[in-house]
Amino acid sequence: MPGSVQSIERAAAILRLLANSSGRLGIGEISRSLDLAKGTTHGILRTLQAVGFIEQDDVSGKYQLGAALLHLGTSYLDVNELRSRSINWADPLAARSGEAVRIGTILDGKVLVVHHVFRPDDTFQTLDVGSLLPLHACAMGKVLLAYDAAATRVVLQAEPEPFTRRTIVRSDQLVRALGQVREQGWAAEVEEMTPGEAGIAAPIRGYGGLVVGAIGVSGLVERLCDSKGRPNQTLVSYVREAARAVSRDLGGSRR
Amino acid sequence: MTERYVVAIDQGTTSTRCIVFDRRGQLVSVAQREHQQYFPKPGWVEHDAMEIWRNVERLAPKVLAEAGITPDQVAALGITNQRETTMLWDRRTGVPISRAVNWQDTRTDSLVQKMGRDPVAQRVSDLCGLPFATYFSGPKLRWILDSRPGLAERAERGDVLFGTMESWLIWNLTGGSSGGIHVTDVTNASRTMLMDIHTLQWHDELLSFFGVPRAMLPEIHPSAEVYGRAVTAFPGVRIGAALGDQQAALFGQTCFGPGEAKCTYGTGSFLLLNTGIEPVRSTHGLLTTVGYKIGQDAPVYALEGSIAITGSLVQWFRDQLGLITTAPEIETLARTVDDNGGCYIVPAFSGLFAPHWRSEARGVIVGLTSYITKGHLARAVLEATGWQTREVVDAMNADSGLTLKNLKVDGGMTADNLLMQFISDVLDVPVVRPMVAETVSLGAAYAAGLAVGYWPDLEGLRQNWHRAAQWLPSMDARTRDEEYDNWQRAVERTFDWIKPR
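For the protein sequence lines, the chains are A and B, in the order given.
Per our numbering, the first sequence runs over residues 151 to 405.
Per our numbering, the second sequence runs over residues 240 to 740.
These aren't lab readings, by the way, just hints derived from the structure by calculation.
Glycine residues also receive a C-beta, built at the ideal position from the N, C-alpha and C atoms.
Just to be clear, a hint being listed does not mean it is correct.
Unchecked claim - Pairwise CB distance ranges, derived in the manner of DEER restraints:
{"hint": "1", "chain 1": "A", "residue 1": "P312", "chain 2": "B", "residue 2": "G692", "range": "55 to 61 angstroms"}
{"hint": "2", "chain 1": "B", "residue 1": "K280", "chain 2": "A", "residue 2": "H192", "range": "33 to 39 angstroms"}
{"hint": "3", "chain 1": "A", "residue 1": "E309", "chain 2": "B", "residue 2": "R574", "range": "40 to 46 angstroms"}
{"hint": "4", "chain 1": "A", "residue 1": "Q323", "chain 2": "B", "residue 2": "T575", "range": "53 to 59 angstroms"}
{"hint": "5", "chain 1": "B", "residue 1": "P669", "chain 2": "A", "residue 2": "A169", "range": "42 to 48 angstroms"}
{"hint": "6", "chain 1": "A", "residue 1": "S183", "chain 2": "B", "residue 2": "K301", "range": "41 to 47 angstroms"}
{"hint": "7", "chain 1": "B", "residue 1": "S609", "chain 2": "A", "residue 2": "E309", "range": "56 to 62 angstroms"}
{"hint": "8", "chain 1": "A", "residue 1": "E159", "chain 2": "B", "residue 2": "P281", "range": "39 to 45 angstroms"}
{"hint": "9", "chain 1": "A", "residue 1": "G189", "chain 2": "B", "residue 2": "P300", "range": "55 to 61 angstroms"}
{"hint": "10", "chain 1": "B", "residue 1": "K280", "chain 2": "A", "residue 2": "A169", "range": "49 to 55 angstroms"}
{"hint": "11", "chain 1": "A", "residue 1": "L360", "chain 2": "B", "residue 2": "K301", "range": "48 to 54 angstroms"}
{"hint": "12", "chain 1": "A", "residue 1": "R380", "chain 2": "B", "residue 2": "L711", "range": "36 to 42 angstroms"}
{"hint": "13", "chain 1": "B", "residue 1": "S609", "chain 2": "A", "residue 2": "S387", "range": "52 to 58 angstroms"}
{"hint": "14", "chain 1": "A", "residue 1": "L360", "chain 2": "B", "residue 2": "S609", "range": "49 to 55 angstroms"}
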């Protein structure tokens, strides 16, 4: 077993101390209680404050547990909340790209479609909110897998189903593809689920940068890709911008 | 040439927002600030108008910075606002006389009942197109004038000005106590009970009925017209439109033809049906209102059904009962059960609006048994919005002689798929959401853009409208009828709760 990280142990001790204290504590009290140098204590307190786990009182300068810590155990993002928060960004993505937009999240080894905006050509289309898509064979699914190691393990163990001859089913290929998704920050799928269709998706990040969903466009391969089957870079940039806008709303943008 | 934009200020019931739109009507940036709700007594709801104006001043630079643009790139500014919320301010100091009396406020209940029994009450309703209800500005204005000695005299001298929110904002934007323009638009004025619905001017009989001095009233203008230039917040930008929020949504949904209807699902919900250039008088409790008036064109009228409590029922469920932590979670909770379990909630929190107009009604939860869970209550909360829509649509079909073919929807609650499907089920027509959910702001932006020639005509605006989602009815007729009957019986149980004084 690797050695434990001393500063994390100390941070945990400070949090326990604050949790058990009846009021706020000053830096002197904290360093004396834990027998730490004031400078060390100060550094840890500053870091804990920056991530929102503790708060400093403006007047007394003393510390207490922060709001972010209280929400830690219950910070899952409700799917209906995700839709509600992203609706204003999914619409412009559909308008700019001219394609249908979907937002998805992982549910029981599948992509759950939580939001769907029609392709803006006023043709007859059916809302498919609530439907499930395969994780390994659509762009949203690849994005979600790329940032979820546990879900990836499950998919690889279950022998991914081939939908077309382009579906990635081999473990090594899928692992490589997901690595590429992480590297470029978006995913594409070209005729891997349905012949003639393609998709482009990017991650939606929630608080602290955690990936909570994916947003993407999908449509005919000739509209989404160039003649060599490569995703249209303008569409890629629209998708990534929309993903960033939703992430910003959710407090997940990187500083 | 640098690209140009249109900005909308949406001064709503709970917050104020500034939104930048591009030429295709797409949202470029948005900034928002909530303001304090004051509930000094049961049934009273107030806002601090100064806080609201300060919010606009703060939001303006923020929304421009987020869009990465400067005021000289803004072709026009459109204003849309919570309607009927009534305030008075001092012309010289620019300070509000008191907190603004909100549209939901029922303090004028007994005043309105008394006025409604007056021998000329019917004549008043015919002139202004509105029934007697606590909702409208005229009675609120009368109440405020009576609340302080000497106020009516100051109003007669023109030292104290009346306005709804758009008047207050335009007055401040154009200089306030040093040269501010005191105007309103036909849609907002059509909600005061002081304007003749045919001539679109303040009417002497109405002014004398409500005891309102003409000197305190703003000048009535078309909804789309350049009123002046802002000198602060958006310095130099032309103010090209003002519309009440619901009329703005009708415009933003491009319901330009007779028979086209939209419903905005927010705190309350509002269904408006375009009835063309002639006002239609309702015999089923709907309001006759001005839809919009573009410059010197003929005005377009609408029938309106207002539902007081829809989104605010979800907020109540969240804040007062604490059964959910965010509003969208109501759908998650509602989906934990398959039906309402026989439970119905009629949210007559401040009486019932269209088509009942029962100010003495109060809310009920009926059908409670030990079987009912919070999931059933969540369903009953959402279904209340669906059934209230159904009641209004039935009234509208009867009044207009048209049968609604589909319903265009917008507002925050359109993110709730369970609710949208339920509305389609109980109306038995398709429910359609447009690509831009922000139709209120968009309508104000459209009207302002038209006024300055940023968009050429209505047809150009129609081309910006696209379907983003559609829900088709899937409930069998028998279930629908049975459930509607249960709902109607639940509604009857809210009547006559408040005893007459």
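TODO: Evaluate the given range 56 to 62 angstroms for the C-beta pair formed by B/S609 and A/E309.
DONE: Once the Cβ atoms are compared, 48 angstroms apart, the range 56 to 62 angstroms for A/E309 and B/S609 is violated.
Open item on the list: Taking the Cβ atom of A/L360 and the Cβ atom of B/S609, is their distance within the range 49 to 55 angstroms?
Closed with: 40 angstroms, violated
Open item on the list: Please check whether A/E309 and B/R574 have a Cβ separation lying inside 40 to 46 angstroms.
Closed with: Roughly 32 angstroms apart at Cβ, these two residues miss the hinted range, so it is violated.
Open item on the list: Given the hint of 48 to 54 angstroms, is the C-beta distance from A/L360 to B/K301 inside that range or not?
Closed with: 27 angstroms, violated
TODO: For the range 49 to 55 angstroms, tell me whether the beta carbons of B/K280 and A/A169 fit it or not.
DONE: 41 angstroms, violated
Open item on the list: Does the beta carbon distance between A/R380 and B/L711 stay inside 36 to 42 angstroms, or does it fall outside?
Closed with: 37 angstroms, holds
Open item on the list: I want to verify a distance hint. Is the separation of the beta carbons of A/Q323 and B/T575 within 53 to 59 angstroms?
Closed with: 40 angstroms Cβ-Cβ, so the 53 to 59 angstroms window is violated.
TODO: Return holds or violated for the Cβ distance of B/P669 and A/A169 against the range 42 to 48 angstroms.
DONE: For B/P669 and A/A169 the Cβ distance comes to about 54 angstroms; the hint is violated.
Open item on the list: Quick check on a hinted range of 33 to 39 angstroms for B/K280 and A/H192, using CB atoms only.
Closed with: 51 angstroms, violated
- [ ] Take a look at whether the Cβ-Cβ distance between A/G189 and B/P300 falls inside 55 to 61 angstroms.
- [x] 41 angstroms, violated
Open item on the list: Can you tell me whether the CB distance of A/S183 to B/K301 sits inside 41 to 47 angstroms?
Closed with: 43 angstroms, holds
TODO: Could you see if the CB distance from B/S609 to A/S387 stays within 52 to 58 angstroms?
DONE: 57 angstroms, holds
In summary, the numbered hints that this structure violates are 2, 3, 4, 5, 7, 8, 9, 10, 11, 14.
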